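2 protein chains.
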Amino acid sequence: MNFLEQRILRDGIVKEGNVLKVDSFLNHQMDIALLEEIGQEFHRRFADKKITKVLTIESSGIAIAYPVAKAFGVPLVFAKKAKSINIDGEVYAADVTSFTYQTNNQVIVSKKFLSADDHVLIIDDFLANGYALQGLISLVEAADATVEGLGIAIEKGFQEGGMRMRNLGYRLESLAIVDSMNARTGEIVFRAQD
Amino acid sequence: MNFLEQRILRDGIVKEGNVLKVDSFLNHQMDIALLEEIGQEFHRRFADKKITKVLTIESSGIAIAYPVAKAFGVPLVFAKKAKSINIDGEVYAADVTSFTYQTNNQVIVSKKFLSADDHVLIIDDFLANGYALQGLISLVEAADATVEGLGIAIEKGFQEGGMRMRNLGYRLESLAIVDSMNARTGEIVFRAQD
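Line order of the protein sequences matches chains L and A.
Its first residue numbered 0, the first sequence is counted upward by one per residue in numbering that gives the first Met the number 0.
Its first residue numbered 0, the second sequence is counted upward by one per residue in numbering that gives the first Met the number 0.
In case anyone wonders, no lab produced these hints; they're calculated from the structure.
Errors might be hidden in some of the hints.
[Stated by the list, open to error] The following residues of chain L were derived to be distant from chain A, with all beta-carbon distances above 12 Å:
1) E40
2) K48
3) D94
4) S109
5) G148
6) G156
7) E159
8) T184
[Stated by the list, open to error] Derived lysine-lysine pairs resembling DSS-like cross-links, with alpha carbons at most 25 Å apart:
9) K111(A) / K14(L)
10) K20(L) / K82(A)
11) K110(A) / K20(L)
12) K111(A) / K49(A)
What you are looking at is a predicted structure, and each value in this text was computed from that prediction instead of being measured.
Don't be surprised by glycine CBs; every beta carbon is placed ideally from N, CA and C.
This is chain L alone, in the form it adopts within the complex (with noise of 0.2 Å):
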């Protein structure tokens, strides 16, 4: 089990409807200490590639890319949420579909900031159905920019999005991989990875 892994035994908090909560170390209050070792450990799986830019999604992407950027020496490059909006042509766009929440919502980012001479680490916290990651994919393509991997600190095994990114072809690297959760008993079941 590794320290992700073992955090999450720890400090996570399971709820009804498949709902992990990490707010305590990870995405509202954050441990710099871990973040730091999570951007160790992302570096050292993608240590085989040339990587010229990491791209994430506000918010609590950020604080997970930032250690990861820095263990590269690259910029780190965040897209925003937006309402559809009238696009200037300035930003890439992709539509994020959820269908949980009805909602139908586009990701950004400047044009300045993609391009297609850069080789992209995608990083997120969660993959769950994978909408948000699709979206992010998008936006490298429509630069003309190679997706190179994928760095997910905490996959819902149990839901879609790892697998389809996997059968894509993409390099998905997971650092938890949740196959179940039990909010009666707290249980939490991790896949077994290399």
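Starting from the structure of chain L, add chain A where the hints point.
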């Protein structure tokens, strides 16, 4: 002229309406080496304070607050922006009124992450009219915690927020104070600081 003022002169862009765009290095694409230097500088300026938490507000504050929290060795907490919502008793909430946009929003933080024992350094990227900062101060005071200081990357010295915070007795450190900008010539005038 300090390192941030130099960077603003080099890469900042003045737009009509007293807009200073720093999105190539500070709040959309982010230069991690610059942010690390900002973290060290705030640590130096508030070295006399016993800080237990760094508080900021999503989204662009997070990447600036990260290296500050790291330098102090304390957790980073970010307040969330919310439309006026039913508060469930588990969060502190403060109104943030924007006269400019004629909107009434809230900032919220979980009660779990601010307590009366906390000595809080509040960090944000910009200070203009000070409404967001006032909201963050209200959250800290709602928790009976202590505001030890306010650290701002760029203060718009021609708007009233900075003066109001200083008049209220808060220790405010702004790394760059812009006293005037000219969108036609691109000129930026900084206030002389010690």
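For each hint, the structure was consulted:
{"no.": "1", "hint": "E40", "result": "holds (17 Å)"}
{"no.": "2", "hint": "K48", "result": "holds (18 Å)"}
{"no.": "3", "hint": "D94", "result": "holds (20 Å)"}
{"no.": "4", "hint": "S109", "result": "violated (6 Å)"}
{"no.": "5", "hint": "G148", "result": "holds (19 Å)"}
{"no.": "6", "hint": "G156", "result": "holds (27 Å)"}
{"no.": "7", "hint": "E159", "result": "holds (27 Å)"}
{"no.": "8", "hint": "T184", "result": "holds (22 Å)"}
{"no.": "9", "hint": "K111(A) / K14(L)", "result": "holds (17 Å)"}
{"no.": "10", "hint": "K20(L) / K82(A)", "result": "holds (22 Å)"}
{"no.": "11", "hint": "K110(A) / K20(L)", "result": "holds (15 Å)"}
{"no.": "12", "hint": "K111(A) / K49(A)", "result": "holds (20 Å)"}
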